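Asks: Sequence:
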Amino acid sequence: MKILFLGDVMGRAGRAAVVEHLPRLRAEWKLDFVVVNGENASNGMGLSGEHAKVLLDAGADCLTLGDHAFDQKDMLQYIEGDSRIVRPINYAKGAPGRGHRLFNAPGGRKVLVAQVLGQVFMKRPYDDPFSAIEPVLKSHPRGGLANAVIVDMHCEATSEKMAMGHFCDGRASLVVGTHTHVPTADAMVMPGGTGYLSDAGMCGDYDSVIGMDKAEPMRRFITGMAKTRFTPALGAATVSGVYIETDDRSGAATRIAMVRVGGRLEQSGP
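Just add 6 to wherever you are in the sequence shown, counting from 1, and you've got this note's numbering.
Think of the hints as simulated: they come from the structure by calculation, not from any bench.
Do not take every clue at face value.
What the hints assert, rightly or not - Pairs of lysine-lysine, BS3-like flavour, derived with a Cα cap of 27 Å:
(1) Lys-8 <-> Lys-59
(2) Lys-59 <-> Lys-79
(3) Lys-8 <-> Lys-116
(4) Lys-116 <-> Lys-79
(5) Lys-129 <-> Lys-79
(6) Lys-233 <-> Lys-79
(7) Lys-233 <-> Lys-220
(8) Lys-144 <-> Lys-116
(9) Lys-36 <-> Lys-79
(10) Lys-59 <-> Lys-116
(11) Lys-8 <-> Lys-129
Said to hold, decoys possible - DEER-style ranges, computed between Cβ atoms:
(12) Lys-8 <-> Met-231: 32 to 38 Å
(13) Arg-270 <-> Gly-100: 39 to 45 Å
(14) Gly-87 <-> Phe-227: 20 to 26 Å
Remember, it's a predicted structure, so these values are computed and weren't measured experimentally.
The beta-carbon is built from N, C-alpha and C at its ideal position, and this holds for glycine as well.
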């Protein structure tokens with residue numbers, strides 16, 4: 007399969023970039039399955055039902071969330087009615103929705119998408135992500151029940167993301183980090199056939215501070231004082247993420263490439 011994963015969609019600029027580029031990329035790259043992290047798509051904080059529909063209509067097969075999963079209150083109900091949205095497995099015991107799902111792909115193939123939240127430097131004490139993902143990996147063997155297995159590791163620390171990559175090696179097709187909004191340059195296929203990237207980056211305006219208009223974050227860094235709320239930057243956005251090709255029988259990644267389309271960043275793709 008040919009699979010595309012796009013990092014955190016950041017506000018209006020990020021949504022517009024996905025709507026502009028994703029339909030073309032699906033056609034040109036002959037993509038079989040697309041996952042988009044949408045947890046910052048609504049004004050930089052969470053995902054509304056309206057904006058979830060925009061991203062799905064643009065060509066996403068699945069949307070993942072993160073620590074801002076339910077900042078937009080309508081998502082508490084919306085997620086129960088749309089199984090294409092996956093929230094972190096270890097978000098909270100009583101959280102609505104599901105932390106993993108087996109999706110249908112062309113040709114009768116199956117793709118498992120799961121998401122976990124890390125613990126290091128995160129604001130809330132989430133449950134252990136490693137013990138949370140273990141039963142999902144066991145019940146959905148790569149190349150067995152699932153032709154491909156994708157794990158979205160949503161956290162701050164690159165060390166924790168790397169540890170999750172090694173933990174899932176041989177069992178996942180792709181482990182990709184989200185949350186920090188800065189793309190990393192370590193795309194690789196691990197020894198067990200798991201594609202790995204520490205952070206997919208964001209779909210947003212990089213003339214910013216991790217997607218937010220520069221003025222207020224810089225003011226706070228320089229003066230230590232807040233004046234206004236953070237607001238997403240509205241310039242031309244880069245669609246950032248990772249592309250993999252997988253073997254249908256084993257579920258192993260056979261190729262991986264970083265993706266940067268549009269906006270200010272150096273362009274790249276498969």
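Asks: For every hint, state whether the structure bears it out.
Replies: Consistency of the hints with the structure:
no.	hint	verdict
1	Lys-8 <-> Lys-59	holds, 23 Å
2	Lys-59 <-> Lys-79	holds, 16 Å
3	Lys-8 <-> Lys-116	holds, 13 Å
4	Lys-116 <-> Lys-79	violated, 31 Å
5	Lys-129 <-> Lys-79	holds, 20 Å
6	Lys-233 <-> Lys-79	holds, 26 Å
7	Lys-233 <-> Lys-220	holds, 13 Å
8	Lys-144 <-> Lys-116	holds, 16 Å
9	Lys-36 <-> Lys-79	violated, 36 Å
10	Lys-59 <-> Lys-116	holds, 22 Å
11	Lys-8 <-> Lys-129	violated, 35 Å
12	Lys-8 <-> Met-231: 32 to 38 Å	violated, 49 Å
13	Arg-270 <-> Gly-100: 39 to 45 Å	holds, 41 Å
14	Gly-87 <-> Phe-227: 20 to 26 Å	violated, 41 Å
When held up to the earlier numbered hints, the structure conflicts with 4, 9, 11, 12, 14 and fits the remainder.
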